[in-house]
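Protein chains in written order, with the numbering used here: chain A, 1 to 382; chain B, 1 to 382.
For the record, the hints were derived by calculation from the structure and aren't laboratory data. Hints are not guaranteed to be accurate.
Here are some, though not all, of the chain B residues that point toward chain A, as calculated from beta-carbon distances under 8 Å [to be verified]:
id: 1; residue: G81
id: 2; residue: P83
id: 3; residue: K143
id: 4; residue: A183
id: 5; residue: R193
id: 6; residue: G204
id: 7; residue: I227
id: 8; residue: M235
id: 9; residue: G240
id: 10; residue: V262
id: 11; residue: E263
id: 12; residue: L266
id: 13; residue: E271
id: 14; residue: K272
id: 15; residue: D290
id: 16; residue: F292
Backbone N, C-alpha and C fix where the C-beta goes; we use that ideal spot for every residue, glycine too.
There are 2 protein chains.
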Amino acid sequence: MHNSVGIVSPINIRFNEPLKLTSGQFLKYYELTVETYGILNEKRNNGVLICHALNGSHHVAGISSADLDDIGWWDNMVGPGKPVDTNKFFVIGINNLGSCFGSTGPASINPDTNLPWGADFPMLAIEDWVNAQARVADYFGIKCFAAVMGGSLGGMQALSWAINCTDRVLNCIVIASTPRLSAQNIAFNEVSRRAIISDPDFHGGNYYAKNTKPSRGLSVARMIAHITYLSDNDMARKFGRTQCKPSENGSYRYDYNIEFEVESYLRYQGEKFSRYFDANTYLLITRALDYFDPSRSTNGDLRLALLPAKANFLVLSFSTDWRFPPARSREIVKALLKNGNSISYVELDAPYGHDAFLLNDSRYHAIIRGYYNRIAQELNLN
Amino acid sequence: MHNSVGIVSPINIRFNEPLKLTSGQFLKYYELTVETYGILNEKRNNGVLICHALNGSHHVAGISSADLDDIGWWDNMVGPGKPVDTNKFFVIGINNLGSCFGSTGPASINPDTNLPWGADFPMLAIEDWVNAQARVADYFGIKCFAAVMGGSLGGMQALSWAINCTDRVLNCIVIASTPRLSAQNIAFNEVSRRAIISDPDFHGGNYYAKNTKPSRGLSVARMIAHITYLSDNDMARKFGRTQCKPSENGSYRYDYNIEFEVESYLRYQGEKFSRYFDANTYLLITRALDYFDPSRSTNGDLRLALLPAKANFLVLSFSTDWRFPPARSREIVKALLKNGNSISYVELDAPYGHDAFLLNDSRYHAIIRGYYNRIAQELNLN
Chain A
1 MHNSVGIVSP INIRFNEPLK LTSGQFLKYY ELTVETYGIL NEKRNNGVLI
51 CHALNGSHHV AGISSADLDD IGWWDNMVGP GKPVDTNKFF VIGINNLGSC
101 FGSTGPASIN PDTNLPWGAD FPMLAIEDWV NAQARVADYF GIKCFAAVMG
151 GSLGGMQALS WAINCTDRVL NCIVIASTPR LSAQNIAFNE VSRRAIISDP
201 DFHGGNYYAK NTKPSRGLSV ARMIAHITYL SDNDMARKFG RTQCKPSENG
251 SYRYDYNIEF EVESYLRYQG EKFSRYFDAN TYLLITRALD YFDPSRSTNG
301 DLRLALLPAK ANFLVLSFST DWRFPPARSR EIVKALLKNG NSISYVELDA
351 PYGHDAFLLN DSRYHAIIRG YYNRIAQELN LN
Chain B
1 MHNSVGIVSP INIRFNEPLK LTSGQFLKYY ELTVETYGIL NEKRNNGVLI
51 CHALNGSHHV AGISSADLDD IGWWDNMVGP GKPVDTNKFF VIGINNLGSC
101 FGSTGPASIN PDTNLPWGAD FPMLAIEDWV NAQARVADYF GIKCFAAVMG
151 GSLGGMQALS WAINCTDRVL NCIVIASTPR LSAQNIAFNE VSRRAIISDP
201 DFHGGNYYAK NTKPSRGLSV ARMIAHITYL SDNDMARKFG RTQCKPSENG
251 SYRYDYNIEF EVESYLRYQG EKFSRYFDAN TYLLITRALD YFDPSRSTNG
301 DLRLALLPAK ANFLVLSFST DWRFPPARSR EIVKALLKNG NSISYVELDA
351 PYGHDAFLLN DSRYHAIIRG YYNRIAQELN LN
């Protein structure tokens with residue numbers, strides 16, 4: 001396929017050395033599912049790590065060998081000749097620890113019980129993901145990534161990489177992200193979790209054994225989240241007050257079935273999500289989001305928290321993103337400027353809300369492309 | 001009590017003439033619960049109708065005789081010497097038809113079955129509320145209200161009064177409102193309804209007979225709505241990332257119990273609401289909100305839709321209200337200006353989001369007071 005990494009298959013890597021978690025708990029061993037695109041060069045200095053957002057996975061680019069309709073979630077960004085050019089870079093997509101697309105998570109077997117972990121799966125912090133991922137870098141013999149990059153939660157992971165694996169990140173690319181959640185962000189997460197936990201099919205997190213799952217709660221959670229991914233104007237433009245299959249005289253139905261297009265869209269998104277995503281993973285990831293706050297150990301001083309970071313930074317935000325508005329990115333930028341990091345910041349005027357980071361916008365892609373071209377030049381990757 | 005209307009008791013008014021509803025259905029008879037404050041003058045021209053928002057009631061001001069801790073929801077606004085001065089005006093608070101504080105609603109007895117209406121209670125439109133309320137005006141012998149006033153949904157009712165009862169509204173006061181819901185507004189309503197309807201205790205709306213109620217779903221619905229009532233900054237100011245009872249070393253709990261103050265606040269609000277509010281009423285009112293669109297009959301032209309309105313208008317919006325932002329109020333204002341109505345518009349710079357319309361802000365109250373003083377002068381009520 002032109003301009004694509006083609007058909008790709010994931011690999012599972014098992015790590016037998018126990019992983020100490022931020023919570024104090026241990027994982028005796030874990031597996032991470034990864035995909036790679038492009039070729040690791042001899043110097044092993046052309047590695048790029050892509051960190052995924054809440055519902056993402058290792059399947060960043062190309063066509064899944066297991067399902068030829070399944071295109072990677074950032075396929076417009078990663079591939080031969082694309083902004084993250086796999087002719088030059090060796091790109092790794094990793095499914096986060098605790099997620100539900102192959103890596104060890106709540107649905108995996110707990111070695112102590114031989115049953116699914118369920119509610120007993122340990123809570124994870126973003127720093128735990130970074131530590132788990134660092135072993136993937138070791139596995140590939142990558143001492144330092146040319147870039148670690150992500151949007152939204154993925155951007156927070158990239159930031160955490162730059163702070164916690166100081167010498168292993170040459171460039172850190174943080175898109176549509178934030179240095180910590182606001183009270184409103186936490187509030188939306190909490191409502192989503194309540195919807196899941198109060199679903200009678202949740203069974204305290206141990207629903208696997210009951211052969212059921214809290215689909216209704218997870219669907220509501222996804223609907224809530226989805227509203228925060230789109231801007232008010234974008235929703236108005238896409239759906240407005242358009243009715244779904246109105247009756248002949250256009251009158252309302254006067255019931256609680258689908259009346260407006262926006263309802264149809266949200267229900268579809270919610271139901272689709274509840275079929276493929278694991279509710280325990282949803283809880284775990286939203287909690288990790290809540291907890292992330294590098295400045296917690298520096299009395300709220302983000303500059304001090306970012307002081308260990310040596311990487312060069314590209315920070316990008318989108319004007320209509322009300323989940324993680326540009327002001328949150330600017331907090332990161334100000335702190336890094338004070339610390340003397342090399343930093344580029346771009347605030348893109350785009351109407352698509354938070355989801356803009358996933359979309360194909362030529363200005364956005366030109367910026368990423370330009371930044372990676374400079375990396376390639378500096379590392380003589382051409 | 002100083003500056004209060006004192007202890008008040010509601011009255012129920014029964015209307016035996018059938019009410020034709022916008023949906024085409026009929027209510028054979030209905031009751032409305034009202035409270036009144038102040039004295040209706042001989043000319044019966046000092047009447048003020050207060051329209052409530054989603055969770056409001058007829059209990060606008062004073063102390064409830066049934067519960068001395070129950071102060072009216074707009075007690076800071078209505079009373080002797082207050083902005084809506086009950087020494088001059090005769091103020092009526094009405095519980096909307098379909099609500100759950102005494103007026104006929106889904107929990108009332110269906111005369112055809114002698115069982116609670118439940119899912120069979122007819123859907124209502126805002127215009128139906130206005131028509132039902134007009135009979136209350138008749139009951140008191142009020143041909144024309146000195147003012148009809150409301151915030152949020154109450155503002156939409158006031159607007160509907162001005163359009164549909166052209167000669168019965170001298171002044172229309174529309175606060176923190178909108179001429180119609182946006183796609184995002186509808187989206188939040190729809191998610192709330194899904195949370196309720198997918199609660200197994202909902203039983204298709206006929207939960208009264210099962211002696212249960214969909215408390216979990218209603219609680220989630222309220223939590224979602226509550227987020228939209230506060231501004232992002234206000235939440236940050238009130239709660240920030242403050243932990244609830246942190247452990248001695250301040251570390252996180254690493255679980256899904258309450259960790260942050262904002263979670264505690266939202267759960268409390270959700271649970272409280274689910275105890276006193278009826279889920280069917282919540283569905284009914286959010287649907288009436290979705291449906292309201294005076295410009296539906298004029299091909300989206302709000303100016304034409306407002307053409308029948310003869311009232312003088314005061315329109316107020318709050319800068320940080322992201323549920324019904326100032327731009328929505330300005331749509332109303334622009335249409336009314338084109339129509340040549342007398343209109344005052346104030347956009348208040350206030351940090352409290354949508355909820356600002358309920359709060360005691362001296363600039364806000366001074367504007368309302370001034371407006372009512374002018375009404376009193378014009379009507380020689382002093």
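Practice task
Against the earlier hints, flag every one the structure doesn't satisfy and list their numbers going up.
Solution key: The structure conflicts with hints 1, 2, 3, 6, 13, 14, 16, although it agrees with all the remaining ones.
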